[in-house]
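Residue numbers (UniProt numbering): 1 to 314.
Derived from the structure by calculation, the hints contain no laboratory data. Watch out, some of these pointers could steer you wrong.
Computed Cβ-Cβ distance ranges for the label pairs, DEER-style [stated by the list, open to error]:
id, residue 1, residue 2, range
1, K238, V265, 41 to 49 Å
2, A135, Q230, 36 to 44 Å
3, T65, A289, 37 to 45 Å
Please read all numbers here as calculations on a predicted model, not as lab measurements. Backbone N, C-alpha and C define an ideal beta-carbon position, used for all residues, glycine too.
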Amino acid sequence: MTAPTKPPHTGPADPDPAAESAPAGSPLHAPVIDWFDEHARDLPWRRPEAGAWGVMVSEFMLQQTPVSRVLPVYERWLARWPRPADLAAEAPGEAVRAWGRLGYPRRALRLHGAAAAITERHGGDVPSDHAALLALPGIGEYTAAAVASFAYGRRHAVLDTNVRRVFARAVTGVQYPPNATTAAERRLARALLPEDETTAARWAAASMELGALVCTAKNEACHRCPIAAQCAWRLAGKPAHDGPPRRGQTYAGTDRQVRGRLLAVLREAHGPVPQAALDRVWHEPVQRARALDGLVADGLVEPLAGGRYRLPLS
DNA sequence: GAACCGTGGGT
DNA sequence: TACCCAAGGTT
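Could you build the full structure based on these sequences and the hints that come with them?
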């Protein structure tokens, strides 16, 4: 039992299915949700005790970071800060340090800021309203929908990279979705959203899990796919992606790499770090200074008198 | 819309 | 080895 809510089966116990006024819905729903009931991973943020805060923390950490690397950090985070107010009471630098090597450390800062806003504006409770979630730092369209859906069972189209790929293949018949989310994709996601709120929330989690475990970017496992028989891409002979190349992100030699090295030194140090210690991480002084300035501008690093630096106390 | 923002594992 | 990719958000 890994899923947060019960499967809304229409089984023989149903009084009279023919009497339902609502349309049948997509033929994709039932197979995908049934598959999810059987194969969903037992992830800590899916357990009831995770609560909305646990769901929200997991969503921040999972933005561009794989599940396997999130798991240990998530557990320590929730043990240390079981409620938003607990995190809000800490220095932001502590969030950055606890973030460890998950990457994109601005997410840690934003999660801290979101916890503070929740404490101030929402009485310490993660809001369930999509607009209220969207107003929090670090929460965009996807995360707002995910928290509302996964934590509160609300009816929202949850359109992440997994779902976009599943829809691209199963419905549109292409190998990959466009580089950026399009209005057509949002329209499709809304059209496919089950009417019933509980079913919609399960569909959101199930379609995402299908993309993560079966309908993967590479080496898709169609033989394990519950909708393989209906998949437009597969039925078309799985044509290769033709559009513009999916832009890869260079990393070596970029400011990002320098920032990462600088912040690693500050994370591992407790207390102020002298300039000389930071100078050692990168040979090129201009780029090094630019990276450090960027970290300060982002609020990830606090400059002190005498050319010393530390993670931010405020 | 494009560019930027980390990190590590799989192939 | 080099490249691809991973539950995005902000500017």
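Hints, verified against the model:
1. Under the hint 41 to 49 Å, the C-beta atoms of K238 and V265, about 47 Å apart, fit the expected range.
2. Take A135 and Q230: their Cβ atoms lie about 39 Å apart, and the range 36 to 44 Å holds.
3. Between T65 and A289 the C-beta distance comes to about 28 Å, which lies outside the given range of 37 to 45 Å.
Hint 3 from the list above is the single one not met by this structure.
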